[in-house]
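Peer 1: Protein sequence lines correspond, in order, to chains A and B. The first sequence runs 1324 to 1601 under the working numbering. The second sequence runs 3 to 279 under the working numbering.
FYI, nobody ran anything at the bench for these hints, they're computed from the structure. Keep in mind that a hint or two might mislead.
Unchecked claim - Quick list of in silico lysine to aspartate or glutamate cross-link-like pairs, EDC-like style, CA-CA up to 20 Å:
| hint | chain 1 | residue 1 | chain 2 | residue 2 |
| --- | --- | --- | --- | --- |
| 1 | A | K1598 | B | D77 |
| 2 | A | K1592 | B | E91 |
| 3 | B | K110 | B | D151 |
| 4 | A | K1592 | B | D87 |
| 5 | A | K1592 | B | D77 |
| 6 | B | K37 | B | D77 |
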Amino acid sequence: MSIGARRGELNALFGFAERSMHSVRRYWVWEVVWLFYSMVSVLSIGFLASGLGTLGAGGGSFDLRRAQLYLLIGSLLWGYLSLVFMEAAYAISWERWEGTIEYTFMAPIRRVTHLMGICLFAIGYGLARTFVVLLAAIAIFDLDFSHANVAGALAILAASTLPLIGLAIFTSVLPMVSPQKGEQMSFAVQGFLLLVSGVYYPLTVLPLPLQAFGYASPLTYALQGMRQSLLNGASVTDELPNVVVLLGMGVAMIPAGVWVFSWAERRAKRLGLLKRSG
Amino acid sequence: MSQSRAVEIHGVRKSFMRRERGPDTPWWRRDLREKVALHQLDLAVERGGVTGILGPNGSGKSTLIRILATLLTPDAGNARVFGWDVVTEAREVRRHVNRVSVEASFFKELSPWENMVYAARLYGGGEAGTRARVSSILERLGLSLDTLDQPMKQLSRGQQQKVAIARSFLTAPSLLLMDEPTTGLDPRSKKEVQAMLEMLRAEREVTVLLCTHDMDEAAAMCDRVLMMDGGRVLADGTPAGLCARHEASTLEDVFMQLTGKTFEAEEEEEEVEEVAR
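Modelling step: build the complete structure from the supplied sequences, incorporating the hints.
Peer 2: So this is what it looks like as structure tokens:
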């Protein structure tokens, strides 16, 4: 690709992120509402952990503070991960609803640029929102990160970005396949990932068939690695196995996701499904 | 860009499968039926000039426009734009084509300016210089610049359509596909759009395919007119030539002679579910 063409693709990539930023800026009051909802979700998990003692879970070697951190890490990371791939599905649904997807598909850009642009915004938006919720959780629960290895946690966060983009692209295929029900279908996918990815419990408590799905989910390794670094101080070196698994999954999932999306686009063009009303 | 014709179509056919319930079928059963939108179409359009495509709803005009815009894949045959195949060389085609549809499709929560910057970025542009160009186009289209930063949803249908036309001019296409661009505009706005199109043609070579219901608009603006019905081209010629050939005073009379029906008598465009074959 020539330098000019590459610059054009980068410009379009930024354009996709910019249009979503315009929407956030214009409807900032709604963003406050969504942030409140994210905060309430995470805080309720934190308070649930605080109440475990009164439910009789505090005896013996049970470490209530550690359990609270375990659950809050799950809740925070899940909030971020699920927000990113739901945002990608929403972006395609939004384009379909407004009818602008025809204009996007008519533009002389690569499909991967379109999808990466959507993911770029989703990741930035997800990180910003999760950071605010994290600050609130730290302030309210007086969380102890004295054992945490921040570099290890950041390595996991960075490595998890690749499979997360792949997962987001897969999710964004759903509104392409079904304009009416696609976005709702992505909620079903989200629910299943929540069940099998060890967000609030170790995979070992699941029945074996569900464990198999759990090991296939990149979110499992992102959560596992994050907990190892924040709870047990695992360093970047200790995290290498998780990082390698996450990067490997990302390398496989991104091209696979783009291929499936392109298939859905070809199908829509063959059947005449792009038109909003037809 | 190669020196090929603007549009070259050979044997293009397009049909859609629809689920329909017949009068005697039970409520729970809907049968798949094929609706042919285009029958083995052959067409060549030279560079420059305005070619009008006239026909009632369901005649295949929009299907033709969508195929040229790379938004629909033909079932058979091939279509080329400036020599590039619309299926196998779609990205090359897209560099030179833009479209105005009857529905002004925008992110309605965003402003015209935000929508324009988005469109500009998809075609390699950016904020720099775009605002001046957008303002200039919108002024020529008679749209107040106060509307530039309001959400699209607060604009009237006519105002939205003008922004849609401005968006298509912004990317400087060599082939402009206009699918009923003036539907819903008041007479004065229609004239402003027509004047803008004339100005654009005077500035640089642009080929325009204009689908319209408005016979006066077609007679005034088009160098050549195709009349379509039921997915077939019924007549092809200059507006004056068609009238002379059919001894008619207006293009509407020509259409009546060819089909035995008027545009007004046609039903609303069918919006029936199209499903996988």
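Peer 1: Enumerate the violated hints, using their earlier numbering and listing them in ascending order.
Peer 2: Hints that this structure does not satisfy do not exist here, as all of them hold.
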